[in-house]
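Enquirer: Take a look at the letters that make up each chain.
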Amino acid sequence: MSKQRQLFQQLFEDNSKKVYHLCYGYTGDSDSANDLMQETFIKVWQNLDKFRNESQFSTWIYRIAVNTCLSYLRTVKRRTTDELNDTIIENYAEEPSEKQEQIALLYKSISQLDENERIIITMVLDEIPYPEIAEVAGISEGNLRVKIHRIKHKLTEIYNSNERL
Amino acid sequence: MKGFDEIQQLWQGQKPEPNVSFDTILKRLKSNRTALMRKLFWQSIAVGIVVLTALWIGLAVDFSTWTTYLALAIMVGCIAYYFVNQLTDYKNISRSSHLLSKPQDYINYLRAFQQKRNRFNTRNYLIYEICIAAAFALYGIEMYFILPLLTFVGIFLFVIFWFLICHFVFMKQYINSENMRIEEMIDNLERIKNQFE
Numbered sequence: 001m002s003k004q005r006q007l008f009q010q011l012f013e014d015n016s017k018k019v020y021h022l023c024y025g026y027t028g029d030s031d032s033a034n035d036l037m038q039e040t041f042i043k044v045w046q047n048l049d050k051f052r053n054e055s056q057f058s059t060w061i062y063r064i065a066v067n068t069c070l071s072y073l074r075t076v077k078r079r080t081t082d083e084l085n086d087t088i089i090e091n092y093a094e095e096p097s098e099k100q101e102q103i104a105l106l107y108k109s110i111s112q113l114d115e116n117e118r119i120i121i122t123m124v125l126d127e128i129p130y131p132e133i134a135e136v137a138g139i140s141e142g143n144l145r146v147k148i149h150r151i152k153h154k155l156t157e158i159y160n161s162n163e164r165l
Numbered sequence: 001m002k003g004f005d006e007i008q009q010l011w012q013g014q015k016p017e018p019n020v021s022f023d024t025i026l027k028r029l030k031s032n033r034t035a036l037m038r039k040l041f042w043q044s045i046a047v048g049i050v051v052l053t054a055l056w057i058g059l060a061v062d063f064s065t066w067t068t069y070l071a072l073a074i075m076v077g078c079i080a081y082y083f084v085n086q087l088t089d090y091k092n093i094s095r096s097s098h099l100l101s102k103p104q105d106y107i108n109y110l111r112a113f114q115q116k117r118n119r120f121n122t123r124n125y126l127i128y129e130i131c132i133a134a135a136f137a138l139y140g141i142e143m144y145f146i147l148p149l150l151t152f153v154g155i156f157l158f159v160i161f162w163f164l165i166c167h168f169v170f171m172k173q174y175i176n177s178e179n180m181r182i183e184e185m186i187d188n189l190e191r192i193k194n195q196f197e
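Those protein sequence lines, which keep their order, are chains A and B.
All the letters of the first sequence, read from the start, carry residue numbers 1 to 165 under my numbering.
All the letters of the second sequence, read from the start, carry residue numbers 1 to 197 under my numbering.
These are calculated hints, taken from the structure and not from any lab test.
Using N, Cα and C, we set each Cβ at its ideal position, and we do this for glycine too.
Careful: at least some of the hints might be erroneous.
[As the list claims (entries may be wrong)] Across the chosen pairs, the derived CB separations fall in these ranges: (1) F22/B <-> V146/A: 34 to 44 Å; (2) I130/B <-> S161/A: 57 to 67 Å; (3) M180/B <-> S161/A: 31 to 41 Å; (4) E54/A <-> G3/B: 36 to 46 Å; (5) E54/A <-> L40/B: 29 to 39 Å; (6) T34/B <-> S2/A: 13 to 23 Å.
[What the hints assert, rightly or not] Some chain A residues near chain B, calculated using beta-carbon distances under 7 Å: (7) F12; (8) N34; (9) Q38; (10) F41; (11) L113; (12) N116; (13) P131.
Chain B with its partners taken away, still in its complex shape (with noise of 0.2 Å):
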């Protein structure tokens, strides 16, 4: 039988210890720093010259409907509207100034935070599928007066037959793995905080 008085003394006693040099700390914070620039920037570029070539094809081709060009719009507006939505979690994630509040301020910023992320993986996803799907029917318009009706025909199923298969098979199991992991991380946030209550 040991006393708490025991129990301390065999903590101090003890012999782990960090396995990590101040040097190595150093190196990682370079390192981290290089990765996060490295891939903003790739991911800028990626979208810089999605966006471009949307306008160019815009000016450049000459499209006989109107609806061409919304549609156009519509698809560079969902990029960008993505893109700064990622750029402004992952600033909001980096900038980290929350760490210094108290535990029970915390967790309820990572609670805010992941049910923020859920609508966006989510809901907003739904929006964003309506926008790309009215984005390839008015393409539609344009592409009825150009192709032979029935490769016209076929293209339309084609597309409708890839939206139905990705809202009823791929979105459905991906909300429900991202919504169960989420309730989970919830779950265990909301018991974190109800022991600092």
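Chain A with its partners taken away, still in its complex shape (with noise of 0.2 Å):
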């Protein structure tokens, strides 16, 4: 196995959870989200020899992940909420638990937000760190941390609210 092959398998299983949830979150839409993961690792792939160090791999892949999703709007015309919540309850259609509802739920207020907040709350979410995500969305750490209280906030409301009805 030649030693980029090894280097983007390491890569491929030590980010692609974390850059499928981005997706999923970004799409509300597991098939999508899938979509959208295989061609983040296609660009990796082929962008591998531009990795320069200067950022950790994790970073600079979720970089690519992130201009991915922008360009999604380029192919598939924005869905509105109402149908990205169609789509997100059919998928945990499946095992109806109570924690599954939950997690619906939640794919479902974050589909309420904009699209940089979908893709910076994700990163919270799985606890990337804040110079990490900064990095990601190109914005300074201090408009970063603005940007997340006020964001964590709004999705806490939209959760509750969609909760209670």
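Take the two lone chains and join them into the complex the hints point to.
Expert: See the structure below:
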């Protein structure tokens, strides 16, 4: 097995789950999330020689994942929140346990946020360090902290109001 | 009522996991490369055949007017221009190094790319159409000396009618739908760009 392939496999194993969560939070649909995750890792492979050790591998991969998600609207017309919610509910319909319902509700709530908020909050939920999120989103850490504070508040409100409904 | 910490715990205990394996990605990488090579190969072959045929016609057939040679050259130029443009855009997309930029810069790149494609599909198409019409008109000079007058007038009227249909019906429809599609994309990109500021 070549060194590059070994490295790629390691990167895939270490990051695929979090990249998938990011894509799922952004699209609200598991099929699209799987497609975007595949596309992200294809781009990772194609650009592996461009990695300059200026940041962590994970930061570099998230940046590619975020840009891949952002270009999602180039090919697919942006769906309305209602459409996203229907898909999310369908995806969880197989195992309607209380926890699964709560997770479906969480994805539904995330889908009601703006695009950049969805990206930031999924990384916060996955406990990615703030400096790394700031580098991925291309904003200052101070600006990011303000945004995170606001998004956390917004998500909690949306989630609780959805739960009441 | 849940607080953010409880929401985070819920998130961390979630089941959704990717159902794409490392091998699937490798397979897709290989098939993507093959599909791209195949597409480019057949496009190049098709353009090569058309250009060679045009050159062969120009050399083998003894046309009586220089305008026909000019018409052939214009046709070959148009095809080559279109092909080179498609190839350059394809290369730009597949190179994908801009994927490593900051999201805001990436959105700027996407906007610029969409605007460029819009210009290519609309304004440049008009120039392309004028060139093809000029090529037909130049070839018409040769036909005028060869064909019986009535046949020539018939063909001439048919070609004019066809160009008018293409310009006022098909092209207008195409430009309108393309403009709407691209404007919507650019609006969406603008909205996301503002979110990152």
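Enquirer: It remains to establish, for every hint, whether it holds in the given structure.
Expert: Hints, one by one, checked against the model:
At roughly 38 Å, the beta carbons of F22/B and V146/A sit within the given window of 34 to 44 Å. Distance hint check for I130/B and S161/A: the Cβ-Cβ separation is about 59 Å, which falls inside the suggested range of 57 to 67 Å. Taking 31 to 41 Å as the suggested C-beta distance range, the pair M180/B and S161/A conforms, at roughly 35 Å. Distance hint check for E54/A and G3/B: the Cβ-Cβ separation is about 37 Å, which falls inside the suggested range of 36 to 46 Å.
The beta-carbon spacing between E54/A and L40/B, approximately 33 Å, falls within the hinted interval of 29 to 39 Å. A beta carbon spacing of about 19 Å between T34/B and S2/A agrees with the range 13 to 23 Å that was offered as a hint. Below 7 Å, beta-carbon pairs count as interface contacts, and F12/A has one with chain B at about 5 Å; its hint therefore holds. Interface hint at N34/A: satisfied, since its Cβ lies 5 Å from the closest Cβ of chain B, which is below the 7 Å cut-off.
Interface restraint check for Q38/A: the shortest CB-CB distance to chain B comes to about 5 Å, inside 7 Å, so the restraint holds. The restraint placing F41/A at the interface with chain B holds, with a minimum CB-CB distance near 5 Å, inside the 7 Å limit. The interface hint given for L113/A is violated, since its Cβ lies 10 Å from the closest Cβ of chain B, which is over the 7 Å cut-off. Residue-level restraint check for N116/A holds (minimum Cβ-Cβ distance to chain B is 4 Å; threshold 7 Å).
With a least beta-carbon distance of about 15 Å to chain B, the hint placing P131/A at the interface is violated under the 7 Å criterion.
Consistency with the previously given hints fails for numbers 11 and 13, ordered from lowest to highest.
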